[in-house]
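**Student:** Each chain is listed here by its residues.
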Amino acid sequence: MASSIKIRSQQLDDYTEIKVLLSHPMENGRNRDVNGILIPAHFIQEMIIELNNKTIITADLGGSVSKNPFFTFQLKNGNSGQTLTVRWIDNLGQSDSAEHILE
Amino acid sequence: MHRRRFLSHCIQLIAAPVIALFYPKQATSAWLASHFATTEFSPQFQQLYAGLSITDTTDIEISLPDIAENGAVVPISISSKLDNIQGFDIWVEKNPTPLAAEIHFSADVLAVMTGRIKMAESCQVIVIAHQNQGLLRNQKWVNVMQGGCGTG
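So the protein lines, in turn, are chains H and E.
Counting from 1, one number per residue, gives the positions in the first sequence under this note's numbering.
Counting from 1, one number per residue, gives the positions in the second sequence under this note's numbering.
The set of hints was computed from the structure by calculation and includes no laboratory data.
Glycine is no exception: its CB is placed at the ideal position from the N, C-alpha and C atoms.
Straight-line C-alpha distance at most 30 Å; calculated DSBU-like pairs for lysine-lysine:
| no. | chain 1 | residue 1 | chain 2 | residue 2 |
| --- | --- | --- | --- | --- |
| 1 | H | K6 | H | K67 |
| 2 | E | K81 | H | K54 |
| 3 | E | K81 | E | K94 |
| 4 | H | K6 | H | K76 |
| 5 | H | K19 | E | K94 |
| 6 | E | K81 | H | K6 |
| 7 | H | K54 | H | K76 |
| 8 | H | K19 | E | K81 |
| 9 | H | K67 | E | K140 |
| 10 | E | K140 | H | K76 |
| 11 | H | K76 | H | K19 |
| 12 | H | K67 | E | K94 |
| 13 | H | K19 | E | K140 |
Not close to chain E: a few residues of chain H, all C-beta gaps over 10 Å, as computed:
| no. | residue |
| --- | --- |
| 14 | H100 |
| 15 | I101 |
| 16 | E103 |
A short, non-exhaustive set of chain H residues, derived as facing chain E with CB atoms under 7 Å:
| no. | residue |
| --- | --- |
| 17 | I56 |
| 18 | I57 |
| 19 | G62 |
Just chain H, with the same shape it has in the complex:
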């Protein structure tokens, strides 16, 4: 299965921009399917971003984050070749992780 995580990075003058796209339904438990059945809550609770195994960003999320969460952040001292790791875990205990070498 293709990874649920897409990571991009770009070195800019004063910082390194990172973009993270997570494929996830982010259901808040209040929506109904075409048959009117309530769709159970299913959303990412925690996203953790590490740079060379050191945690630099943690994000606790709720069902008010849009489907397929997309974030951008800026690293102060990112160097090309460093390893960025993104992990998520959702309310059903599912999880995924991906690595990206900074451009």
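Mind docking chain E on chain H? Use the hints.
**Tutor:** Same frame as chain H, but now just chain E:
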């Protein structure tokens, strides 16, 4: 017997800080169901920041559309040039789950981010920035054209 107990204590004394060294983050960054409760904004907001003073400031810059066509995907960007910002909490006042996200930064990250949030209806979006022990607040009104189900 004494020697055995002594050795076992030694192992425990050495092991505890070593284990703590390897698992510091997991223990502190647990997702809190109480923060993301489905409830009214005001009591939830007051409970989360009980006893803390909040300073309103425009130094936390929030960029949001004035009018959001689709409440399911509302782009938000937050930035601040202030020092020692450790994170942002994003609140959507009228959403059934008012707290959308709590983002924590280390010192390696600038206090700049973008994301996408759901909005059930027109309301204020409130950002709380954590700066050392203090809290800073800014907010922006967004008119939502199409909200309701599938969003908040």
